[in-house]
Amino acid sequence: MSVRTAVVLAAGEGTRLRPLTRNRPKPMLPAANRPILEHVCDALIDAGVDRLVFVVGYRRERVQEHFGPSYRGVPIEYVVQDKQLGSGHALLQAREAVDGALLVVNGDRLIAAESVAAVRDAFAEDDARAALAVIERADASQYGAVRLRGRDIEEIVEKPDSDAFRLINAGIYAFDASVFEAIEATPREDGELALTDTIARLVDGERVRGVRTGGLWVDATYPWDLLEVASEVLARGRVSGPDRTDGGLERAGSVQERADGVWVDPSARVAEAATLRPPVVVGPDCELAAGAVVGPDVALGRNVTVGANATVERAVLDADTRVGAGSTLLDAVTGQSVRLGAVTAIPGGPGDVRVGREVHEDQRLGAVLADRVRARGGVSFAPGTLVGPEATVGTGAHVDGTVPGGAEVVR
Numbered sequence: 049m050s051v052r053t054a055v056v057l058a059a060g061e062g063t064r065l066r067p068l069t070r071n072r073p074k075p076m077l078p079a080a081n082r083p084i085l086e087h088v089c090d091a092l093i094d095a096g097v098d099r100l101v102f103v104v105g106y107r108r109e110r111v112q113e114h115f116g117p118s119y120r121g122v123p124i125e126y127v128v129q130d131k132q133l134g135s136g137h138a139l140l141q142a143r144e145a146v147d148g149a150l151l152v153v154n155g156d157r158l159i160a161a162e163s164v165a166a167v168r169d170a171f172a173e174d175d176a177r178a179a180l181a182v183i184e185r186a187d188a189s190q191y192g193a194v195r196l197r198g199r200d201i202e203e204i205v206e207k208p209d210s211d212a213f214r215l216i217n218a219g220i221y222a223f224d225a226s227v228f229e230a231i232e233a234t235p236r237e238d239g240e241l242a243l244t245d246t247i248a249r250l251v252d253g254e255r256v257r258g259v260r261t262g263g264l265w266v267d268a269t270y271p272w273d274l275l276e277v278a279s280e281v282l283a284r285g286r287v288s289g290p291d292r293t294d295g296g297l298e299r300a301g302s303v304q305e306r307a308d309g310v311w312v313d314p315s316a317r318v319a320e321a322a323t324l325r326p327p328v329v330v331g332p333d334c335e336l337a338a339g340a341v342v343g344p345d346v347a348l349g350r351n352v353t354v355g356a357n358a359t360v361e362r363a364v365l366d367a368d369t370r371v372g373a374g375s376t377l378l379d380a381v382t383g384q385s386v387r388l389g390a391v392t393a394i395p396g397g398p399g400d401v402r403v404g405r406e407v408h409e410d411q412r413l414g415a416v417l418a419d420r421v422r423a424r425g426g427v428s429f430a431p432g433t434l435v436g437p438e439a440t441v442g443t444g445a446h447v448d449g450t451v452p453g454g455a456e457v458v459r
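Numbering (the numbering used here), first residue to last: 49 to 459.
Just so you know, these hints were derived from the structure itself, not from any lab. Keep in mind the model is a prediction, meaning the values are calculated, not measured. A portion of the hints provided could be inaccurate.
[Said to hold, decoys possible] Listed below are the simulated DMTMM-like cross-link pairs for lysine to aspartate or glutamate, each with C-alpha atoms no more than 20 Å apart in a straight line:
| hint | residue 1 | residue 2 |
| --- | --- | --- |
| 1 | Lys-131 | Asp-147 |
| 2 | Lys-131 | Glu-144 |
| 3 | Lys-131 | Glu-232 |
| 4 | Lys-131 | Glu-203 |
| 5 | Lys-131 | Glu-202 |
| 6 | Lys-131 | Glu-237 |
| 7 | Lys-131 | Asp-238 |
| 8 | Lys-131 | Glu-254 |
[What the hints assert, rightly or not] Okay, the calculated beta carbon distance ranges per label pair:
| hint | residue 1 | residue 2 | range |
| --- | --- | --- | --- |
| 9 | Gly-262 | Val-122 | 35 to 43 Å |
| 10 | Arg-199 | Arg-317 | 30 to 38 Å |
| 11 | Val-128 | Arg-64 | 20 to 28 Å |
Note that CB positions come from ideal geometry on N, CA and C, so glycine has one too.
Based on the provided sequences and hints, a complete structural model is requested.
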């Protein structure tokens with residue numbers, strides 16, 4: 049059975065990644081210098097998918113404006129999940145857009161094309177109702193844990209409180225068209241309809257194939273995870289995207305490797321006295337002044353400026369960020385259009401980070417500055433600081449903890 053259509057679930061916000069997701073959905077956050085969702089689409093297309101169905105919802109215009117009607121020549125159809133009521137509910141929205149068997153993936157995790165192909169092939173070859181990828185991880189408590197019996201799924205447990213599990217659900221599925229009926233027959237939990245609940249019900253009476261996979265699989269759950277995602281992307285050299293517009297916003301794919309582990313877009317301006325330390329990627333229209341030291345493990349998005357004698361290390365700086373002269377940024381993540389004045393200091397982690405009501409201790413995170421944050425000269429940020437969108441920090445101020453969006457911090 050040939051499976052050439054993939055449904056990509058990209059409707060969620062990613063609340064644990066706030067404040068970065070205040071203005072865009074999690075799949076549009078950067079995996080190094082490109083959105084996570086681009087990497088997902090690359091894996092699907094490289095595995096032979098020739099039709100994409102995006103389930104969009106939260107801030108859906110950010111997805112639709114970026115991708116337009118197609119990606120790498122593969123047509124995209126959009127369906128809308130108006131209320132985020134679970135992954136099963138999201139997939140149901142694609143029912144009218146799909147005819148026959150389908151692949152389903154999460155739009156917010158980096159995956160390997162080989163894993164997609166393995167699930168598709170196992171589903172096509174075996175007499176199974178469904179197939180899903182499983183991958184080994186030391187800590188299964190944040191994911192759907194899986195137990196295999198031979199080649200089949202024996203049990204799936206969402207976020208287990210036991211350390212007995214070593215295999216997790218990798219979020220790559222193949223189904224026949226009857227999956228939609230199975231989802232409709234699944235009881236809701238707290239008003240939500242989870243795809244894993246449907247699969248757990250299928251396991252009780254049907255054959256669900258478990259496909260062991262390896263290779264690239266990275267999930268950004270919390271803001272500091274974006275630094276690890278960037279490190280993985282840079283280590284594998286996955287920095288080039290499609291050099292075409294396809295009806296959406298321009299997406300440059302022309303970054304060129306100047307030296308081992310150093311990628312620079314031809315339109316970037318890098319002063320002779322600037323230093324690039326691999327791995328590092330410098331996006332289109334960036335400007336690095338004399339004396340700037342950038343890298344290792346740094347991804348600069350479009351139109352980023354790093355001022356004279358500034359140091360940026362282990363950081364993800366999104367589009368239109370400006371870093372003032374003499375600044376030091378370590379373990380930092382910025383949103384779009386962030387402005388940092390001269391001698392800004394983000395000295396790096398570890399730090400304690402508050403996410404909602406939880407405090408995560410000793411995380412390697414200097415600071416996260418969401419879209420359009422403004423920090424004037426001489427500002428310093430304590431390890432683990434989160435600053436919401438459009439906040440302003442006055443000259444010489446020290447920032448610690450969580451700053452809400454739109455706030456003003458003064459010395």
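Quiz item: Which hint numbers does the structure go against, in order from smallest to largest?
Solution: 1, 4, 5, 8, 9 and 10
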